[in-house]
Amino acid sequence: MNLDEFDDESCLIYGIGNVGRQDDGLGWAFVDWLEAQGLCANAELHRGYQLLLEDADVISTRQRVLFVDATKDEAVTAFTLERAVPKMDVSFTSHAISIPAVMAICLRCFDRLPEVYVLAVRGFEFELATGLTPAAQRNLDAATAHVTRVTVGRNTP
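Start counting the sequence shown at 26; every next residue gets the next number (my numbering).
By construction, these hints were calculated from the structure, which means they are not laboratory data.
Fair warning: there could be bad hints in the mix.
[Claimed, not checked] Subject to a maximum C-alpha distance of 20 Å in a straight line, what follows is the list of computed DMTMM-like cross-link-like pairs (lysine to aspartate or glutamate): (1) Lys112 - Asp82; (2) Lys112 - Asp136; (3) Lys97 - Asp166; (4) Lys97 - Glu152; (5) Lys112 - Glu79.
[Said to hold, decoys possible] Estimated spans, in silico, between C-beta atoms of each pair: (6) Asp166 - Asp98: 30 to 40 Å; (7) Thr102 - Asn27: 12 to 22 Å; (8) Arg137 - Ala160: 31 to 41 Å; (9) Ala100 - Thr158: 10 to 20 Å; (10) Glu150 - Asp57: 14 to 24 Å; (11) Leu153 - Leu77: 28 to 38 Å; (12) Ser35 - Thr173: 16 to 26 Å; (13) Thr158 - Tyr74: 28 to 38 Å; (14) Arg133 - Gln75: 14 to 24 Å; (15) Lys97 - Asp136: 33 to 43 Å; (16) Cys134 - Asp166: 30 to 40 Å; (17) Asp136 - Asp114: 18 to 28 Å.
All C-beta atoms, glycine included, are put in the ideal place defined by N, C-alpha and C.
Generate coordinates for the entire structure from the input sequences, incorporating the hints supplied.
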């Protein structure tokens, strides 16, 4: 998978996060980077604070979706890029829902499912402040370089 595959009206790139909580803004920063570079101009670019039940409807009309979010997972050194699979899980509440659960709801309610990829970028600080930490910015830079040239998989720069 590379970004060229998302430069189409049938595609959605969805940055998840909160720019007011430091590295939680990585998803939005990725979308900002796309806009600044003029990449994926034909795709729908979206920023959201968190996934909602209604996002199942949003993705149901798409051919391909890329979710970009920060991760606190210490096993992730810089980022991961993986194909997601639908799965109902215990994360489903009125205030939070996982990407696999959104996909499962999409499949169940709309009887279709786009190709879904998740770019998880390692963040470090999530306090009330704006701006990415230098380490998170380095990870974002590595992720953006990767998606402009490589295929799906785990990356450890």
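Against the structure, the hints:
This hinted pair checks out: Lys112 and Asp82 have alpha carbons roughly 16 Å apart, not beyond 20 Å. For the hint linking Lys112 to Asp136, the alpha-carbon distance of about 14 Å falls within 20 Å, and the restraint holds. Between Lys97 and Asp166 the CA atoms are separated by roughly 17 Å; this keeps the pair inside 20 Å, and the hint holds. Simply put, Lys97 and Glu152 have alpha-carbon atoms about 13 Å apart, close enough for the 20 Å limit, and the pair holds.
At roughly 16 Å between alpha-carbon atoms, Lys112 and Glu79 fall within 20 Å of each other, so this suggested pair holds. Checked against the hint of 30 to 40 Å, the pair Asp166 and Asp98 fails, with Cβ atoms roughly 19 Å apart. Checked against the given bound of 12 to 22 Å, the beta carbons of Thr102 and Asn27, roughly 21 Å apart, stay inside it. A beta carbon spacing of about 39 Å between Arg137 and Ala160 agrees with the range 31 to 41 Å that was offered as a hint.
Roughly 19 Å separates the CB atoms of Ala100 and Thr158, a value that falls within the hinted 10 to 20 Å. The given range of 14 to 24 Å is respected by Glu150 and Asp57, whose C-beta atoms sit roughly 18 Å from each other. Separation of Leu153 from Leu77 is about 23 Å and departs from the stated range, judged on CB atoms against 28 to 38 Å. For the hinted restraint 16 to 26 Å between Ser35 and Thr173, the CB-CB distance of approximately 20 Å keeps it satisfied.
Judged by the Cβ atoms, the range 28 to 38 Å given for Thr158 and Tyr74 is violated: they are separated by roughly 20 Å. Judged by the Cβ atoms, the range 14 to 24 Å given for Arg133 and Gln75 holds: they are separated by roughly 21 Å. The supplied range of 33 to 43 Å is met by Lys97 and Asp136, whose beta-carbon atoms lie about 34 Å from each other. Taking the beta carbon of each, Cys134 and Asp166 are about 38 Å apart, inside 30 to 40 Å as hinted.
Against the hinted window of 18 to 28 Å, the Cβ-Cβ separation of Asp136 and Asp114 comes to about 20 Å, which satisfies the hint.
Hint compliance for this structure: hints 6, 11, 13 are not met, and every other hint is.
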